[in-house]
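So you can see what is in the structure, the chains are spelled out below.
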Amino acid sequence: MGTTKLSGKNADRAHILTANSLLTGRSLYWTPEGWSQSPDNAIRAENSEAVAELEARGKAEELVNMVVGAYVVPLASRDGNEPVAMRERRRIAGPSIALPGALTGPASA
Amino acid sequence: MYTYDAHDQALVDARAHEFRDQVARRLAGQISEDEFKPLRLQNGLYLQLHAYMLRVAIPYGVLSADQLRMLGFLAERYDRGYGHFTTRQNIQYNWTQLSDVADMLDHLASVQMHAIQTSGNCIRNVTTDAYAGVAADEWVDPRPVAELLRQWSTLHPEFAFLPRKFKIAVTGAAEDRAAMKFHDIGIAASLGENGEPLFDIWVGGGQGRTPRVAVLFEAGVSLPNLLPVLDAMLRVYNLHGRRDNKYKARIKILVAEMGLEAYRDEVYADLANRDGSVFDEAPKEYARIEAQFAAAQQPPLTPTNVDRTDPAFAAWLDENVMAHRVEGYAAVTISLKSKGAIPGDATADQMKAIADLAERHSASEVRVTHRQNLVLPWVPQDELRAVFDALVELGLAEANIGLASDIIACPGLDYCALATARSIPVAQRLSIELRERERREDLRGITVNISGCINACGHHHAATIGILGLNKAEQENYQVTLAGRADEGAQVGSILGPGFDAESLPSAIHRILDAFQALRKDGEDLASVYARVGKDPFKQAAFAPLEQAA
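In the order they appear, the protein sequences are chains Z and W. Residue numbers for the first sequence, in our numbering: 22 to 130. Residue numbers for the second sequence, in our numbering: 2 to 551.
Keep in mind that the hints were calculated from the coordinates and are not lab data. Just so you know, these numbers come straight off a predicted model, no measurement behind them. From the three backbone atoms N, C-alpha and C, an ideal C-beta is built for every residue, glycine too. It is possible that some hints are incorrect.
Said to hold, decoys possible - Result set (DSBU-like, lysine-lysine): computed pairs, CA atoms no more than 35 Å apart in a straight line: (1) W:LYS340 <-> W:LYS522; (2) W:LYS340 <-> W:LYS38; (3) W:LYS536 <-> W:LYS522; (4) W:LYS522 <-> Z:LYS80; (5) W:LYS247 <-> W:LYS166; (6) W:LYS247 <-> W:LYS522; (7) W:LYS536 <-> W:LYS473; (8) Z:LYS80 <-> W:LYS249; (9) W:LYS522 <-> W:LYS166; (10) W:LYS249 <-> W:LYS522; (11) W:LYS247 <-> W:LYS38; (12) W:LYS540 <-> Z:LYS80; (13) W:LYS249 <-> W:LYS166; (14) W:LYS247 <-> Z:LYS80; (15) Z:LYS80 <-> W:LYS38.
Unchecked claim - Output of the computed footprint for chain Z on chain W, the stretches with three or more beta carbons under 8 Å from beta carbons of chain Z: (16) 80-92; (17) 409-416.
Unchecked claim - If you want the ones that stay clear, here's a sample from chain W, every Cβ over 10 Å from chain Z, calculated: (18) TRP153; (19) ALA220; (20) ALA233; (21) ALA250; (22) SER278; (23) VAL393; (24) GLN429; (25) GLY498; (26) PRO546.
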């Protein structure tokens with residue numbers, strides 16, 4: 022993902038930083054403690070300078086090979102961490118369906 | 002079945018070994034993601050919404066019992082206990098970890114399988130009729146030519162970076178059960194007067210955002226000429242295909258823009274200037290492959306009068322069991338579409354149990370259909386009851402093959418990074434409702450296919466009722482198409498009108514079916530009714546309540 026242009030509807034929105042784990046591919050969110058699978062404590066960028074800082078952090082994290090595909094996600098409201106985009110909401114929530122099969126392998130973790 | 006020779010085995014072993022090294026270097030930070038991404042994609046490893054997804058090739062949809070057992074083992078050991086059979090006769094694991102993939106590829110290589118060219122802009126897994134070699138209406142077994150194409154296309158150095166992905170399907174029967182005309186190249190085999198196979202080559206079919214039915218490139222191509230012609234067709238595409246715009250990069254756009262005649266002229270001009278001797282051994286190799294498939298054909302048995310007194314068994318015989326070309330056998334299709342199930346998903350336990358069934362009752366063979374079901378191709382007629390009873394125990398005896406509830410669905414937004422809406426929950430709800438409905442009325446020949454985005458992995462364009470999930474202002478919205486066909490009379494479905502939200506979609510589908518039942522004459526199918534009456538009656542039925550409410 023390239024640098025996000027904060028124009029139009031996204032200009033006034035808060036953003037959080039997301040990526041996927043290099044090892045597992047899981048969705049991750051940048052928090053004060055580092056990467057987390059939950060966006061609950063994600064660092065929010067409230068203005069364009071802060072968004073640029075988050076994006077720079079994402080690129081730096083990619084270079085140390087912990088994550089891939091870092092990008093910022095606009096949030097629906099100033100309070101709460103629900104993204105605007107349906108796709109991003111699904112990344113947070115996981116599949117909406119009951120998964121078949123027993124959770125047996127290492128991927129179950 | 003085809004068994005790898007030393008060359009085949011050495012190739013997949015080396016490829017698995019090579020990928021292990023690539024993963025190690027990536028995890029050690031010695032290569033960047035930009036460098037690694039094309040390498041992992043060439044080995045079928047995608048990064049999806051929630052995890053890595055590994056797509057494993059099932060060449061022309063044919064599996065041995067041991068191979069299916071291995072697929073079950075991989076699901077159990079390295080994933081979350083299940084896999085997803087796709088419309089391209091492959092299987093996908095949705096929850097793999099990067100550090101496990103090399104081990105998975107080693108396991109696959111140990112049973113003559115791999116994930117090579119299941120992604121990327123190359124020639125993908127060649128698909129064919131899931132009933133190849135056993136269908137009563139077959140002229141030529143398409144598997145030997147499919148295997149020949151696998152060998153020709155695997156790691157073909159000239160075609161590793163085509164303008165876009167390239168899909169080939171082969172069929173050899175009166176009924177097209179491989180959606181051949183919806184492929185970049187479709188090959189229809191028949192028998193010539195001298196008993197040698199002849200191949201009609203179709204080009205420029207496909208789905209996605211620009212759906213096209215393939216056009217006939219050349220009829221009656223002989224076996225010695227087949228690979229040279231295909232090679233030249235790919236070469237001209239590779240040269241002229243649009244690399245500037247990925248949405249115009251498929252061969253269907255090239256053929257449309259050049260015109261079929263100009264494309265054909267260029268192919269034959271290329272062919273005339275090439276040394277074709279590289280293909281001189283192809284007929285001999287075809288004969289070697291064909292002999293292996295012929296050797297696996299089973300000897301005829303005495304036909305059996307199967308007891309149909311049990312209504313559940315009789316219904317399953319009617320819907321899921323197909324006539325066989327060899328006396329005394331039947332081909333059994335195992336529905337992966339039981340009521341409310343996720344289309345194409347099978348658990349590790351189910352895969353292993355079906356492998357056991359294949360070993361006991363089907364000459365150790367299983368097939369994957371492009372409608373996301375499995376086939377036991379060699380069941381002796383006097384063992385049908387035992388197979389049915391075993392499937393009942395496994396929860397896999399749904400008698401709905403070819404009925405409306407036999408729904409195709411892609412993974413959609415529950416898994417896929419490209420999806421714009423969910424497919425699976427829509428399929429689950431419709432399968433429950435349609436299963437109820439088809440117990441009351443005849444819905445044979447209705448196909449319901451659902452795609453979660455315009456890329457059309459769920460083949461919605463080719464369904465009598467197609468459903469395309471879209472993102473409308475960050476809400477799921479479902480566009481309906483009608484009267485598509487995937488068979489020998491292939492046609493692209495017509496868009497009915499504006500889309501429906503997820504809640505109102507099922508009732509709209511029921512109203513379309515109501516209209517169909519009211520309008521049909523003499524057992525017409527939906528495409529025939531649509532051709533006779535047009536779109537308006539269906540559109541009025543689908544949208545009437547919404548217009549009244551407006």
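Practice prompt. Give me the numbers of the hints this structure contradicts, sorted from smallest to largest.
Written response: 2, 4, 6, 9, 10, 12 and 24
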